[in-house]
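Just so you know, we're using the numbering used here here: the sequence shown kicks off at 633 and counts up by one.
Worth double-checking, as some hints may not be accurate.
With a Cα cut of at most 27 Å, we get these calculated BS3-like pairs of lysine-lysine [unchecked claim]:
no.	residue 1	residue 2
1	Lys668	Lys657
2	Lys718	Lys657
3	Lys668	Lys718
4	Lys748	Lys772
5	Lys668	Lys772
6	Lys748	Lys657
Since the hints were made in silico from the structure, they are not lab data.
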Amino acid sequence: MKKTLFTLLLLVGTLTISYGRNQLKDIVLQFASQPKAEHIHVGGLMMQLAQMFTDDQEAEFIRGIRSVSVLSLENCDREIKDAFSKQVENFNDDDLELLAEVSEQSENVRILAQIKDEIIERFVVIITGNDASLIQIDGKIDLVHMEELIAQNTNNTIK
633 MKKTLFTLLL
643 LVGTLTISYG
653 RNQLKDIVLQ
663 FASQPKAEHI
673 HVGGLMMQLA
683 QMFTDDQEAE
693 FIRGIRSVSV
703 LSLENCDREI
713 KDAFSKQVEN
723 FNDDDLELLA
733 EVSEQSENVR
743 ILAQIKDEII
753 ERFVVIITGN
763 DASLIQIDGK
773 IDLVHMEELI
783 AQNTNNTIK
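Use the sequences and the hints to build the structure in full.
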């Protein structure tokens with residue numbers, strides 16, 4: 633009897649921790665299967681092919697990316713978008729730090745990253761509201777390359 637009770641408590645504890653942790657991959661899997669949801673995952677081989685079709689500066693940036701995952705709920709019903717908002721609101725990953733959060737009317741954008749030694753290992757953008765989506769980039773991206781790319785695409789120059 634004690635063995636059964638202990639096993640049951642261990643199972644409930646594991647499920648509670650798992651539910652509380654609310655991993656990104658679980659959120660993506662849950663919502664990618666919803667009607668009208670769009671999910672695209674580009675892995676290693678496709679990323680290598682992408683390098684062949686970019687110029688030298690962009691290839692340097694892309695070389696560090698292992699995968700890109702995009703979940704778009706833009707065409708989904710309001711109920712699905714609301715459920716997504718509640719799920720990502722409870723999202724907690726100790727490895728990710730919040731870089732920026734912007735709210736405008738009913739839209740909310742959170743940008744998170746896992747950074748170690750000036751290298752971005754995971755970059756996540758979570759958008760709730762009408763254009764609900766989740767974008768995740770995994771790899772090893774040097775912060776210097778990221779800053780250069782941002783500067784080029786915002787018409788700024790880095791000195």
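Is the hinted pair Lys668 and Lys657 satisfied, with a Cα-Cα distance of at most 27 Å? 19 Å, holds
Given hint Lys772 paired with Lys748 - CA-CA distance at most 27 Å: 9 Å, holds
Is the hinted pair Lys718 and Lys657 satisfied, with a Cα-Cα distance of at most 27 Å? 16 Å, holds
Hint check: Lys748 vs Lys657, CA-CA at most 27 Å. Holds or violated? 21 Å, holds
Satisfaction of hint between Lys772 and Lys668, Cα-Cα up to 27 Å: 32 Å, violated
Quick one, are Lys668 and Lys718 close enough, alpha carbons at most 27 Å? At roughly 19 Å apart (the allowed maximum being 27 Å), Lys718 and Lys668 satisfy the hint.
Hint 5 from the earlier list is the only one contradicted by this structure; the remaining hints agree with it.
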